[in-house]
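Student: Please model the entire structure based on the sequences and the hints provided.
Read top to bottom, the protein sequences are chains U and Z.
Under our numbering, the residues of the first sequence are numbered 14 to 520, in order.
Under our numbering, the residues of the second sequence are numbered 235 to 736, in order.
Careful: at least some of the hints might be erroneous.
Footprint (simulated), chain U over chain Z, 3 or more residues, beta carbon under 8 Å [to be verified]: (1) 507 to 521; (2) 645 to 659; (3) 721 to 731.
Calculated directly from the structure, the hints in this document are not laboratory data.
A quick note: this is a predicted structure, and the numbers were derived from the prediction, not measured.
Glycine included, each C-beta is placed from N, C-alpha and C at the ideal position.
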Amino acid sequence: MDSILSILIFFPALAGFLGFVVDKNSAKVYGISVAAIELILSLVLWGKFDLNNAGMQFVEKIDIIPQFGISYNVGVDGISLFIIIMAALITLLGIILLRDDTKNMKNMIVSLLFLEMTMVGVFLTLDAVMFYLFWELSLVPMLYIIGAWGGPDRVYAAVKFFLYTFAGSLIMLVGLLATAYLYHEATGDWSFSILDWYTLELTETQQFWLFLSFFAGFAIKVPMFPFHTWLPWAHGQAPTIGSVILAAVLLKMGTYGFVRFSLPILPDASVTFTPFIMALSIIMVIYTAMVAFAQKDMKQVIAYSSVSHMGVIMLGVFAMNAEGLGGSVFLMLSHGIVSGALFMLVGVIYERRGTKLMSEFGGLAASMPVYATIFGVMLMASVGLPLTIGFVGEFLVLLGFYHVSTLGTILAGTTIIIGAVYMLVLYKRSFFGPMTNEKNRDLEDLDKRELTALIPLVMIVVWLGVYPKPVLEPIDNSVKLLLSQMEKKAISTETKEAIVISKKEAK
Amino acid sequence: MLEPVNISLEALNLSTLMPMLIAIGGGLVILLIDLLKDNLDKSLYVMLTILILLVDLGSTMGITYGVTQKGFFELLLMDGIAILSQIMVLVASMLFIPLSLTSKRFHEYSYPEFFALFLFMVAGFQFMVSSDNLILIFVGLETASLSLYTLIALHNRSNSFEAAVKYFTMGALAAGFFTMGAAVLYGISGSLELGQIATAISERMSESGMMALLLGGAGLLLAAFAFKLSLFPFHTWAPDVYEGASAALAGYMSVVPKIAAFVVSMRIFEMFIELQVHWVQTMIIVLSVITMTIANLMALVQEDVKRMLAYSSISHAGFVMVAIALATDKSNTGVFLYYALFMFTNLGAFTMLWVSRHKNRVHHARFDHPYEKFAGMIKIMPMGAVIMALFMLSLAGVPPFSVFWGKIYLMSATVDAGYLWLAVVMGLNSAIAAYYYLKLVVYMFLREPSSDINQKTVYYNVSRPLLTILGFAVIVTIGSIFMVNPLIEYISSMVQASNFGI
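Tutor: Here you go:
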């Protein structure tokens, strides 16, 4: 199974093609089977993964356009491994959660399988053009999912989502081409391989401009403040499955891009830009948390809180030390699981009542106790309660960030408080108190389908909250390798000082 | 008494003339057949045309690679880019001519003259690309253009006549510019051959008043080619002409005449750029930036898909024109790569319009292909909708479909030449363009079909040859990732062989 990564990427695509033939009444079962096989494959990958090897594993390389240095080049390390597993898991659970009476089920399943290919592809590829290819291709199925199954303004939201990301990534493409050119100038070879680029020496001015062009692509995807305006639209109009995958996986492409491209290729510029990114992230964290507080719609609360937490991830990425970076990679996973689960939960109540407005609810805990419990657990995880998955990442990020800026840490820490406020208010308004609306009295509690989708997430939230070591260790190894590469490559001494690989070294 | 002129047959090097002779001879054969027997079916003529083009292609490929050959009193120049562009013209022609095998009868295809004119036009383009003599370029250009005007007018409709007349008037103006520009260059150098013109100019570069003369010469020529390439501000004819011409011919016009015009622009303007006449370069960059932007903005507000595609092809031409300004081997390779890939996608998109063409306007009082016609196509004919969406995404530059590779290669050439801002402009323009391509995708996938549209009305004009052509276009659009490497390898070897660029 040396080519397990290629199988992981192309199995869903192949299954998607074959899916056109499957009868529409059996499409959901087909989708579940394919997604389950994909998840098992990704778990097999974890099993075969060498935990002591921090570098790229299972590397495959096939030249596609040698004249231009483009090759099909994949590999996995501790940073991407768990994001892949998370993406496969979320896709599977998302498909399970689809209602049997979803219209055009077959088209939905096929789009989801293609989307899964692009997601896995983005995180596994080591070639910049292939990365760009999967990155752009992921927009197409998502455009269709939002546009075909979304709310009343779905077409506007879908097109906005597409164009926003497309525009940003074209600027990124110019940056990628410029990097390839500089590599060509330095070595005489054309190469788009990221691993080759890691060895490329760039002057500070070059790094400055390249960083900006990468930033255009990644920041829109994250989405960083002030480029976040497409996201509330997309979440507001997307169907449940769309929001789940968007929040859980697609947003991670942006932060992953920063980790995989900006930091190691442009270490000096990354350090130079740290204050700028920090400021944006802190604004984003606090501002969106406050906006979340002001929302009346449950889904919008969760959408904004998800943006707010993405800000924390950004802070961790630019903390430039093992705790912060490792923590933010872990937070990407936990954010994926928790916000995915929260969007699923909102979808559940929306299906029953046809509304997401908090004012319509109240006293749900009485009619739907199991639902209220799971919602509670996820909410606590989102807020970052100790012993849940959310705590581990957030704590590490703040710890790492503390080395960089005390004030920033305190400001960012307030989000935990604001987060707790708006989340608990949401919970209070919807689940506790008197049952003011009679429609809520006879709501059915979670059925088997919904429980199958949600219980695994609850288990992961608790398991990784209590015992994160099996996941944290490989992440930590790869993150340290990445930081040491950065330090080696950095040209200015200030950068070298800013990068802290482990605490012992710092002292 | 006059001296007898001795010309050896070897000096004539007739093999260089062979490809054009085949096309012209083929056209005459078709006319002859018509003379001998009436009422033959169009399928005969289509197949004959394809065979003639095939023989033509064979003889073009037969010309020795890599060695620049001159022939026919030094008028013909068979270098790498001449052969390359002839191959592209011929392949495109072979792909477009079967589009006349529609299931519905269209007036123009019942005349064998249509096919004869088509072959004369191809010969004209072949002459145009394979010469460095301004006279022969002009003769080729006019042969091809006059045939093309007639082909457009043969589509028997009032707005086809309008289109043909409009195109003819504009073309006549361009021809005027061309001759005046050529005259100025002749005045400077005493020659019409580009090589000698270049030598003469570089010798007289320091003379006072030279720049004014060059401004006249190069400026007039640039205006002439801006007409042919539909660059701003000479682009206004394009949408009307595309709208009036049949979809098949409009698709053809968006590719083949442009390839030919780009080759000549390469020969003429890159000469000036090589001679360090900097304002030519600046002017071309400015023109191409304005062209892409204006055309993109205009395309946004179109109500008719064919007009949208017309503006889109203007914008694509502007995009490629950047390469002429850069004048490097890589950018020249990019021009051919771009059009080799764009050809198939655009062929597919226009064929989809052609498939759905009615004799009368059934969907809209003014337009043949309003967006509404495609509303909800995914429900009526899912395969057709997916294919059309594929072409649209490819034109928008979504990887891994064909046009993306052309775009990335040209942008890379731009970055290499140090014009980072230009590459960013090109990128942003692609993002604007994505909107109007996406608009059609949105109509097809996310809107409800209007009640009177069914499979019959959309697939009105379909026939097996048309589906075959669509199949070709789809295969190349999807599989282009595997074709890019051999294409780049072949094209760049040909471009380097012709010793072009700085």
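Student: Check whether three or more residues of the segment 721 to 731 of chain Z sit with their beta carbon closer than 8 Å to a beta carbon of chain U.
Tutor: Since 3 is at least three, the answer is holds.
Student: So is the segment 645 to 659 of chain Z in contact with chain U by the C-beta rule, three or more residues under 8 Å, or is the coverage claim wrong?
Tutor: Since three or more residues must qualify, the claim that chain U covers the segment 645 to 659 of chain Z holds, with 7 doing so at under 8 Å.
Student: Checking C-beta pairs, does the segment 507 to 521 of chain Z have three or more residues closer than 8 Å to chain U?
Tutor: Since three or more residues must qualify, the claim that chain U covers the segment 507 to 521 of chain Z is violated, with 0 doing so at under 8 Å.
In summary, the one numbered hint that this structure violates is 1.
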